[in-house]
Amino acid sequence: MTTLPPPTARKLGLVIDLDICVGCHACAVACKEWNDGGSFGPLPDSDPYGAEPDGVWFNRIHSYEVQGFGIGDSGIAGKPRVGKRESGIEKAGAAHKSPCASSIPHSPLPIPVATQTVHFPRSCLHCETPACVTVCPTGASYKRAEDGIVLVDEDKCIGCQLCAWACPYGAREFSAKRGVMQKCTLCVDRIYNETLEPADRQPACVKACPTRARHFGDLGDENSNVSKLVAERGGYALMPELGYQPVNRYLPPRPRRDASQPKPTSHPEPPDEMPMPPLLRWIDRVLSR
Amino acid sequence: MRPTFSIIFFTVASGAGYGLWILSGWLSLLAPRLADDRNAWAATDLVGAALCAGFLLVSAGLFSSLAHLGQPQRAWRALSQWRSSWLSREGVAALLCYIPAGAMLLACTLGGWATGDAIDTRSSNWLLRMAGSRGAGGILLLLAIVTLFCTANIYASLKPIRAWHNRFVVPAYLVLGIYSGALWLWLLIGMMQASTTSSSLLIGICAAALAAGVLKLAYWQFLDKPGAAAPDATGLGALGTVRSVEQPHTEENYLTHEMGFRLARKHAHKLRALVLAFGFGMPTLLAVLALALPSAGAWASWLAVLFGMGGIFIERWLFFAEAKHAVMLFYGARSG
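Respectively, the protein sequence lines represent chains B and F. Mapping the first sequence onto our numbering, position 147 (from 1) lands on 147, and the numbers just tick up by one. Counting from 1 along the second sequence, just add 1000 to a position and that's the residue number in our numbering.
Fair warning: there could be bad hints in the mix.
Stated by the list, open to error - Distance condition first, Cα-Cα at most 25 Å in a straight line; then the derived SDA-like pairs of lysine to any residue: (1) 1270/F to 1168/F; (2) 207/B to 193/B; (3) 1159/F to 139/B; (4) 1159/F to 151/B; (5) 207/B to 229/B; (6) 156/B to 134/B; (7) 1266/F to 1166/F; (8) 156/B to 1007/F; (9) 1159/F to 144/B; (10) 177/B to 1068/F; (11) 32/B to 1247/F; (12) 1225/F to 242/B; (13) 156/B to 6/B; (14) 1266/F to 1278/F; (15) 177/B to 1007/F; (16) 177/B to 1250/F; (17) 156/B to 1006/F; (18) 207/B to 254/B; (19) 177/B to 30/B; (20) 32/B to 54/B; (21) 177/B to 1249/F; (22) 177/B to 38/B; (23) 177/B to 1071/F.
To be verified - Here are the computed distance ranges between Cβ atoms for each label pair: (24) 1210/F to 10/B: 53 to 59 Å; (25) 1294/F to 155/B: 57 to 63 Å; (26) 129/B to 1298/F: 54 to 60 Å; (27) 231/B to 1246/F: 27 to 33 Å; (28) 10/B to 1225/F: 40 to 46 Å.
Keep in mind the hints are simulated off the structure, nothing from the lab. Everything numeric in this text was worked out from a predicted model, so none of it was measured. Beta carbons: idealized from backbone N, C-alpha and C, even for Gly.
Kindly produce the complete structure, drawing on both the sequences and the hints.
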């Protein structure tokens, strides 16, 4: 049935910390590895070792430059640069003229104030009212009543791809090799898998993340760790205005230090007063540079 | 969105087919009024021919739509979720149309349906009487409109695509379906040299072309208008100006292939002019010509179908090619 179940009490989902994600793609690789062999696999690629590999991945990691006007703004950053792409030399020239002063003193490169790189993993958000489910003509797409996970029954899918059109988050990818739609399963074959150690009963992407930027839990439970994280860090939903009520949350990057201001001289060490042998004095000079 | 030939052919051909069926139903409702006409029997033949042509167009379109599926042998499953899915509703309505259309066709060929209820009562077969009654025509008329309505709503219900999720899409599908059906009906009349409904049909074609032109112009104006600001897909817009510096994948993937279609979009304005001039303008001119010179009607109808269908084909191509999907915002597109 592609009509939605009544609102679920349990809302399993992910919380992704954009502050510490380093964009290593380990989550994407771990996801591909697990799901290729998991209950919803395989995830075959066409031309996997060739010039144009193509295949389904449930995780895609974007990288953005965010030129800030809010966080860490020293007041001299001015209006953010928009419009056509400039060549390197134009940028360098503009850096001297524009109020976007270099945040690193003496740097020849234009590094505007309050600019940051944000790595942005994108996967299914397991929406509370997902259009991808209701548009499905066959009943292959469904939302589980017990925990809210959105799944595709690959034995029923006819491969019409309407669900992929209906999803604004790009969560669904069509497998040309298998002729069916595939998507993130929230590792439903791990999180309830009693043959795994309890500590391993988490989505593969969460287990793999080397910076622990990904958290898994019940966002319907106010007292769960993920809900507390969201409350504490101001976790937000993607494109809430479309009305699909995503369950997953993103934790925004923390405010950056303003590197154009001198660092607060925290605990200046007292200079070494002791007379030193020449070799040590030389090493001290080198290290003090 | 990538314009896929199978879907464009499906919506254009079956749109014309359902248009023809709508007009067949309409003609059968008019039948009692034609009963005294000396051309009444010709009108029966015309309805039969229109039903047949509609059958061919609709069936060709539906088969073409199967070519779009990854698993076409499971297509029957698509009839199950009519409670929530417009695509499923379309499938159900599309197949239901075959029942009144088939019954009417049977009645036409067996002579049950002829010049209205007067003759029907002479038929001993109650099934033929039912099929030949105005009821069957009315049901076909209604179901064909419902089918077109469902087709249009498949697109109009998709919020991530601004070019589809707007109030112009449903009326455009309905008007274009009826308009192309009328062009085919004109062709059939020309082929059968039956002039019963010709002049009112020609006026109808001119009106439909005008309505279609106005609708598409309003639609394109809506597309070009920088509407509500594109949604901030990543939510990072709150922190500053967001620029994509690294794509998630080196090669094209399903999403960028299917929803990042940009080829030839720069020619959109020329193609729009082609649609207006050839798709709607030429058939209107030809219809006016045929009104003035009835002898020119036969070859004018051939040209009108050619131009009209060609124009609608380009219109449908543009409907896909010009549509931008919100997911491309993640890839750095400027508007959704």
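Hint check:
1. Restraint check for residue 1270/F and residue 1168/F: satisfied, since their Cα atoms lie roughly 21 Å apart, inside the 25 Å limit.
2. For the hint linking residue 207/B to residue 193/B, the alpha-carbon distance of about 15 Å falls within 25 Å, and the restraint holds.
3. Distance check on the hinted pair: residue 1159/F and residue 139/B sit about 21 Å apart at the alpha-carbon level, within 25 Å; holds.
4. Note on residue 1159/F and residue 151/B: the hinted pairing holds, with a Cα-Cα distance of about 21 Å set against a maximum of 25 Å.
5. At roughly 18 Å between alpha-carbon atoms, residue 207/B and residue 229/B fall within 25 Å of each other, so this suggested pair holds.
6. Taking the CA atoms of residue 156/B and residue 134/B, the gap is about 15 Å. The hint holds against a cut of 25 Å.
7. Among the hinted pairs, residue 1266/F with residue 1166/F is consistent with the structure: their alpha-carbon atoms are about 22 Å apart, no more than 25 Å.
8. Our distance criterion of 25 Å between C-alpha atoms is met by residue 156/B and residue 1007/F, whose separation comes to about 21 Å.
9. For the suggested pair residue 1159/F and residue 144/B, the alpha carbons sit about 23 Å apart, so the restraint of at most 25 Å is met.
10. A threshold of 25 Å between alpha carbons decides the hint, and for residue 177/B with residue 1068/F the separation of about 14 Å falls inside it, so the pair holds.
11. Only pairs whose Cα atoms come within 25 Å are accepted, and residue 32/B paired with residue 1247/F is accepted, the gap being roughly 18 Å.
12. Between residue 1225/F and residue 242/B the CA atoms are separated by roughly 20 Å; this keeps the pair inside 25 Å, and the hint holds.
13. At roughly 23 Å between alpha-carbon atoms, residue 156/B and residue 6/B fall within 25 Å of each other, so this suggested pair holds.
14. For the proposed pair residue 1266/F and residue 1278/F, the alpha carbon gap of about 20 Å is at most 25 Å, so the pair holds.
15. A C-alpha spacing of about 20 Å is found between residue 177/B and residue 1007/F, which places the hinted pair at or below 25 Å, so the restraint holds.
16. Proposed proximity of residue 177/B and residue 1250/F is supported: the alpha carbons are some 20 Å apart, at most 25 Å.
17. With a CA separation close to 22 Å, the supplied pair residue 156/B and residue 1006/F stays within the 25 Å bound.
18. Straight-line distance between C-alpha atoms of residue 207/B and residue 254/B comes to about 23 Å, which keeps the hinted pair within the 25 Å bound.
19. Between the alpha carbons of residue 177/B and residue 30/B the distance comes to roughly 21 Å, so the proposed pair stays at or under 25 Å and holds.
20. Proximity of residue 32/B to residue 54/B is assessed by CA-CA distance (about 13 Å); at most 25 Å being required, the pair is judged to hold.
21. Distance restraint check for residue 177/B and residue 1249/F: the Cα-Cα separation of roughly 19 Å lies within the 25 Å cut-off, and the hinted pair is therefore satisfied.
22. Proposed proximity of residue 177/B and residue 38/B is supported: the alpha carbons are some 17 Å apart, at most 25 Å.
23. A threshold of 25 Å between alpha carbons decides the hint, and for residue 177/B with residue 1071/F the separation of about 11 Å falls inside it, so the pair holds.
24. The supplied range of 53 to 59 Å is met by residue 1210/F and residue 10/B, whose beta-carbon atoms lie about 56 Å from each other.
25. Between residue 1294/F and residue 155/B the CB atoms are about 60 Å apart, so this pair conforms to the stated range of 57 to 63 Å.
26. Checked against the given bound of 54 to 60 Å, the beta carbons of residue 129/B and residue 1298/F, roughly 55 Å apart, stay inside it.
27. One distance hint, 27 to 33 Å for the beta-carbon pair residue 231/B and residue 1246/F, holds here, with the actual separation near 31 Å.
28. Our hint of 40 to 46 Å for residue 10/B and residue 1225/F holds, since their Cβ atoms are close to 43 Å apart.
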